[in-house]
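Just need the whole structure built from these sequences, with the hints factored in.
Chains as they are written, first to last, in the numbering used here: chain A, 1 to 398; chain B, 1 to 211; chain C, 1 to 152.
Do not take every clue at face value.
[Stated by the list, open to error] A few chain B residues facing chain A, derived, Cβ under 10 Å: (1) T15; (2) H68; (3) G69; (4) T115; (5) F202.
If you are wondering where the hints come from, they were derived from the structure by calculation, not from laboratory data. Yeah, the Cβ is synthetic: ideal placement off N, Cα and C, and Gly gets one too.
If you want the building blocks of each chain, they are given just below.
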Amino acid sequence: MLAAGLIVLMYLVNLVIWPEWRANHHFVEGRAVVIGKALAENRETDTVTFRPDIEIEHLSDGVKHRAVTHDITRIHSSNRSDHEAALEQFTVGEEYPCWYNPADPSEAVLVRGYTWWMWLFLFLPAVLLYIGGWGLIASAFQWGATMERRTASLQQARLLVTGNLTVNGELYPAIPSDDNITNSPGTHLPFRLPINVSTWWKLFGICAITLIWNGIALVFAVRVIIGYFTGAADFWLALFLIPFVIFGVLLTFAFVHELLIAIGVGPTQLEISAHPLAPGEEVRVWISQGGRLTLNRLAARLVCEETATYRQGTDTRTETRVVFERLLWERRDAQILDGAPLETEFACEIPTGSMHSYKGQHNEIHWRIIITGNIPRRPNFERSFPVIVYPGALTKLI
Amino acid sequence: MPTTAIHHPPNPFATRFIRPGAISYLPPITTGSSNAALPDTTSGSTWLDDLLARWEATKYRGAIVGPHGCGKSTLLASLLPRLATANRDVAAVQLHDNERTLPADWPPPLVTANTILVIDGYEQLGWWSRWCVNRIVRRTGCGLIVTAHAKGWLPILYEVLPNEQTFRRVVAVLVGDNLIIPGEVLAEAWKVGQENIRESLFWLYDWWEGR
Amino acid sequence: MSLAMNTPLMSMTIDRRREAYRPGETLTGEYQIDVVKTDDLKAVELSVLWYTVGKGDEDLGVHYFERQSRETSFGESLGSWRRFSTVLPASPLSYDGMLVKIRWCVRLRVFLRGGKDFSEEVQFQLGEVPRPTPPEAAKAEGVGSNVLLGPE
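Below is the structure:
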């Protein structure tokens, strides 16, 4: 990226910036007579481009010099009318001020100034240089550096940029941000928690995969069937298709399963009286379960899980383990009617001495409130609401 | 007083102790095995010396092959310091799952005949990246060592074959002399891991936490 | 402590190491480097950091870092005890979980001319988070805090 930025910058400097700067600061003023003028065309590409060519004659140290010129950049462009207007400003035989290079008087111009819109292009190489340059500096600085030094430098850079060592501020390093959780006010309690994975997105994903997979399998299946009825049965193709058809059927079942959950089970909402949470502190939780369904059991539980990810070679293994689980509330044999969601409020306490939430690049400790519904003769559903737990009252800053 | 974190002895099967480079590769003890790539150690040289000699004989190109979790990356980690001290520039890269192309900054811009390219996870690369690597090797004459699950076009430098004896030796190195893990536990770990040493060690991690 | 030919002798102590530190408290200690000439020394780094241990790859966070090198001068004689202190943060706390454990330590690294480096590490505890008892084990043992409670 650094190299790309340098190349673009060098091109712009060479083409426009440096010549204009020289013409504006180093050229000497003189008087020139216009000998001829024409609109030059460039047909090298598919688009015809133009520029004004004005032939002049001027004196420098008593010596006559001729030049074909207008401005210093001599760039062709497709704007014909602008260039024709520029030509109209000069009359053959008349004298006009000109500016010439004292080191090479044959280099002269009739107009000076800056092509302001070209300078805007500097933004692109500036961005490339900034990003690439930081990368190069970071690499150079970190070469030979220990892991502690690299990490400290990275954290220090973040401190310089944000003023905080972490997204949460300098008080709670390694604890995930709760911005996404506290940005939605509730209607019964102060905060409405976002659901972990939207039911509809999950349904959409499974639907898309099912359609694509079964569509492809169907094309080949139809071919096999037609072949069978026309006496040109392809046994090997049929055999090859079997596992694909089986998988397609399983996908369809999975889609129907999710669809039944989505259309039968209405939205689950959860609101909380305070956030973030802390060990030893109790908060109130309000839930609302919509839909039209009969439930054997609806329950809310508080869960803490550890997740560890290990990458080595082609193996990436992520393991999750529940280290704490507590039932917060449950109701058996509940009936939910359309337009009359089941609503309730209960207490939730993070036990004293519990570990706070943690998020690292490879490991996590996360807390969730999980709502589970058991529906007779239909698939169960589960909705998960992440919460952030900070270090508790016993571990507050002294 | 609550049980504090530093009072618990560390789990010897945590990833920081079993990852490649944390322990040295343990070559099989038995000589004269059917492994055609096993170097001859009767000359008095070390096992690594023989491996490097073999690599030299194959014009500094070779592959370390073996199934998942058998110790290929560990062997490579043991080999790298020897390559670096041989007055050569070593440019190593480790590819993970789904990494089909080489990193943008690898290999380094200046590759010479004195350079050794090391790719851990060579079979992950797509055909274009492999062609690029092979082209660099042909053009510059640099050395190449890769790890792969299966044999390919490169000569086999060494074939790592996991066996229970090696697994037990690795466990002995990890736990040291202070603890002896019961034989039936090791047998169960080996069975659960299905000849994948890494998986067996992860099973032992859980066993250690639960004991 | 390390004791070998051409190996620096590094000594490091943390005050009150046997007790758990609390967030916001000041961690203090001292270190000393001996059996090495200042001319042979390239740099000395002291860091207060945390790292994870367990079944996942290692995460690492540096809370305090200081480096002295030949360019910046080593100050007083290396053989004398040097104090360090830092105010400890609120997180992450030391934790001894199932898959994830978080350890705090003070790490001293000495870099010699010639490329060799040596390190010493002293662990300490931040916070008093007890080891968790997984739900299955809690049910079997009848442990209070983690047992699934009945409805309110």
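A quick look at each hint next to the structure:
no. : hint : verdict
1   : T15  : holds, 5 Å
2   : H68  : holds, 6 Å
3   : G69  : holds, 7 Å
4   : T115 : violated, 17 Å
5   : F202 : holds, 8 Å
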